[in-house]
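Peer 1: Generate coordinates for the entire structure from the input sequences, incorporating the hints supplied.
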Amino acid sequence: MQPRRILVTCAAMLLAALGVAQAQDGKPKDAVAEEQAKLPMPALELPPKPFKTAEEHYRYLLEKAHGGTKHTMSTIPVWDGLWASGNNTMPGIFLVNGTLSTAWKPGAKVKEGVLTPPYEKQFRERRAEVEKYGEQLYDRLTNCEYPGVPRWLWEPYVKEFVNMPNQSWFMNDMMNETRRIYINGEHINTEAKHSSAGDSIGFWDGDKLVIWTKWVNPADYVRGMPLTSNQFEMVETWQERHNASGARQLVTQVTFYDPLALLKPQSAVYTHESRPDLEKAGVRIRNWECDSSSNSYKAADGSTQFYLPGDPQYKNPRGFTDFPDLPGQSLNPIFDAEQ
Amino acid sequence: MMKNPIVAAVAAGSLVVGLPAVAHHSFASYDVAQQKLVEGHVTQWNYNNPHSWLMIEAPDANGEMKTWSFEGAAIVHAARQGVNGTTYRRGENVRVVMFPMRDGRNAGALCFVMKEDGAFTRPNDGICDSEAVHARWEEKGWLSKDAKSLTVHPAGD
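Residue numbers (the working numbering), protein chains in the order written: chain A, 1 to 339; chain B, 1 to 157.
For the record, the hints were derived by calculation from the structure and aren't laboratory data.
These figures come from a predicted structure and were not determined experimentally.
Glycine included, each C-beta is placed from N, C-alpha and C at the ideal position.
Heads up, some of the hints might be wrong.
Said to hold, decoys possible - Chain B stretches covered by chain A per the calculated footprint, using a threshold of three residues with CB under 8 Å from any CB of chain A:
#, region
1, 33-46
2, 50-62
3, 72-78
4, 135-148
What the hints assert, rightly or not - Computed beta-carbon distance windows for the label pairs:
#, chain 1, residue 1, chain 2, residue 2, range
5, A, 70, B, 120, 51 to 61 Å
6, A, 292, B, 153, 31 to 41 Å
7, A, 264, B, 118, 54 to 64 Å
Peer 2: Quick look at the structure:
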């Protein structure tokens, strides 16, 4: 066995053991933002100098890396296993003393001089709703809309990262949303349109993956946070590290560029935590069934409501068949068989 | 003073719970200021994304058997809390503690579920700190054998 593989195997065994400990304490690690806000947080690293555009930023880093490291399958960083989003500093960009713990709650004060006037106005309206009702009444994801970026960086579901010399695939179980990063390429948009995850290109600088994303649909940073415009772009630097307790952590230093929404570019650091406990619990990423199983919708008064069994619009989360009398057409055979 | 009782209740509830949820939708349609016990038999356990749903048959306030629907966590969050696709089986008796819907329909947001053998299970999403709520219900004796289905208790003292 190669020394690297032995090291990886030993690390995996250690992490599996740690995972048991994590799972046995019974506390939700990522069910609530308050728990995430307690997770270890590396320092924010600002860009080496101010840049006006994401392209300027990306090209500077590419030149500094002498065109980037050309990895092979045997040298490329392996970020295997399941991961879940951890802590991040994004709320601090938009809220006074903002953290993940305060971002969703009433009582947080909007920072001035960050957003352009129309986007600050909209953000204040959103925060007023949080103040009035305890949370934002309706989230665009309710109708199974994609999180998109920058929200992808935070969504607290399970993720997988696959690095190859020519592409990296960042997969979120939520909405089956996969980001594809084309290594050492240029942006291409033959469809001439924006998309939820945009178009991402990148290069490796040693064990750091630098990404530039553009052509992103308007979205938001997360529920309760500001909107982004269709001019939003971001430059990310991803690197695997180990946190203070020795656990694997993916650290993302990101700078957001959005001339229609931000008065100047803003930076934040996000983390993803390795989750061997989820692997031990048997979690595997399946197809996200939102379209066929979600019964939440936006009511006429702007609030979130649910269709329930008996409502004509109700969708059976266990699925529907046009051929109920034909043997073997149930979409729920395991549950049915175990009765 | 808040004039709108719904607004006041939501605000009070948010103070009581104080836990931001991670769901793909707002939880504002649930009344987090009160917790309700419903006892019945499982008809469906939908271990699904973006949310799992537990359906049971139980009497309503008029004693008529109805379908009750309870929303829980996404698979990854439920799994972390020890719940999987076979945790609840059709026909088994369960006692559900949940945040009821504000509009009074037979539904709510799951907090915790007691199985027939007394096992405490946590299919809940971030709307509920199920361990703390369960401990409180145990401490208050609200889960005794005599506890009646459809009993409601305030979320805070």
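Peer 1: So, for every hint listed, does it hold in this structure?
Peer 2: Quick rundown of the hints versus the structure:
1. Beta-carbon proximity to chain A at under 8 Å applies to 3 residues in the region 33-46 of chain B; the threshold of 3 is reached and the given coverage holds.
2. Counting residues of the region 50-62 of chain B whose CB lies closer than 8 Å to any CB of chain A gives 4, which reaches the minimum of 3, so the coverage claim holds.
3. Coverage of the region 72-78 of chain B by chain A holds in this model, with 5 residues showing a Cβ closer than 8 Å to a Cβ of that chain against a need of three.
4. For the region 135-148 of chain B, the proposed coverage by chain A is not satisfied: 0 residues have a C-beta within less than 8 Å of a C-beta in that chain, short of the threshold of three.
5. A hinted range of 51 to 61 Å holds for the C-beta pair residue 70 (chain A) and residue 120 (chain B), which are about 54 Å apart.
6. For the pair residue 292 (chain A) and residue 153 (chain B), the beta carbons lie near 36 Å from each other, so the given range of 31 to 41 Å is met.
7. At about 59 Å, the beta-carbon gap between residue 264 (chain A) and residue 118 (chain B) stays in the expected band of 54 to 64 Å.
Hint 4 alone, counting from the list given before, is not met by this structure.
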